[in-house]
Amino acid sequence: SQQGEEDPQALSIQEGENATMNCSYKTSINNLQWYRQNSGRGLVHLILIRSNEREKHSGRLRVTLDTSKKSSSLLITASRAADTASYFCATVGVNDYKLSFGAGTTVTVRA
Amino acid sequence: GAVVSQHPSRVICKSGTSVKIECRSLDFQATTMFWYRQFPKQSLMLMATSNEGSKATYEQGVEKDKFLINHASLTLSTLTVTSAHPEDSSFYICSASGTVNTDTQYFGPGTRLTVL
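Chains as they are written, first to last, in this note's numbering: chain U, 458 to 568; chain R, 6 to 121.
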């Protein structure tokens, strides 16, 4: 079942600006993952953060996790037109292996 | 590494016919494969989980006789939409993981099904 909620639903920014999107979830997790989906394509795994981690970086991506608030954020720095895509968070429960996806944030980066 | 392919990428069929979608892990052995459905501008909804050599586990509300899943080998899973109807039109995406409780799933590019 879908447990994550993301905001904003859509985000439009200028190239070079930063993009921040948030994900909230309801039940305890083992880990939280962020994926990118280009229009009409499959998903690309971006980053995984475990429940005992608070922050993780990968290139221009920064993910934070606050288990007390049951929320996570994804920051894309110095955005590029190629970052235009939908971004989904997905959680894995404590005794589970299935991914439960959020509704997604559509990011448009204007050149 | 960890490439998953799907075939076909697009399919258009007449109402009442059956459609088979293949999901292959190209460079690793997939103990577990997952099938998702995605409606336009919506999130992915898990339909079923299949482990190689055993019956698929379907999520609540997914008709197992409607969506037949076969995971006969460690590199291939198939989803057959039987007696398709226009409401089955959707984007179907598979993913694969190398062990039962792995953290990361590798996703295929998806199959766009249109039922006329």
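No lab work stands behind these hints: they were computed from the structure. Please note: incorrect hints may appear among the correct ones.
To spell it out: a stretch of chain R is covered by chain U in this simulated footprint if at least three of its residues, at any positions, have a beta carbon under 8 Å from a beta carbon of chain U; those stretches are [stated by the list, open to error]:
{"id": "1", "stretch": "39–52"}
{"id": "2", "stretch": "79–85"}
Calculated pairs, BS3-like style, for lysine-lysine (alpha carbon to alpha carbon, straight line, at most 25 Å) [claimed, not checked]:
{"id": "3", "chain 1": "U", "residue 1": "Lys555", "chain 2": "U", "residue 2": "Lys483"}
{"id": "4", "chain 1": "R", "residue 1": "Lys19", "chain 2": "R", "residue 2": "Lys60"}
{"id": "5", "chain 1": "U", "residue 1": "Lys555", "chain 2": "R", "residue 2": "Lys46"}
{"id": "6", "chain 1": "U", "residue 1": "Lys483", "chain 2": "R", "residue 2": "Lys71"}
A virtual CB, placed ideally from N, CA and C, is assigned to each residue, including glycine.
Each hint tested on the structure:
1. 39–52: holds (count 7)
2. 79–85: Since three or more residues must qualify, the claim that chain U covers the stretch 79–85 of chain R is violated, with 0 doing so at under 8 Å.
3. U:Lys555 - U:Lys483: Judged against 25 Å, a Cα distance of about 15 Å means the pair holds.
4. R:Lys19 - R:Lys60: Roughly 28 Å separates the two Cα atoms, so the pair is violated.
5. U:Lys555 - R:Lys46: With Cα atoms ~22 Å apart, U:Lys555 and R:Lys46 stay inside 25 Å; holds.
6. U:Lys483 - R:Lys71: 31 Å, violated
Violation of the numbered hints given earlier is confined to hints 2, 4, 6; the remaining hints are satisfied by the structure.
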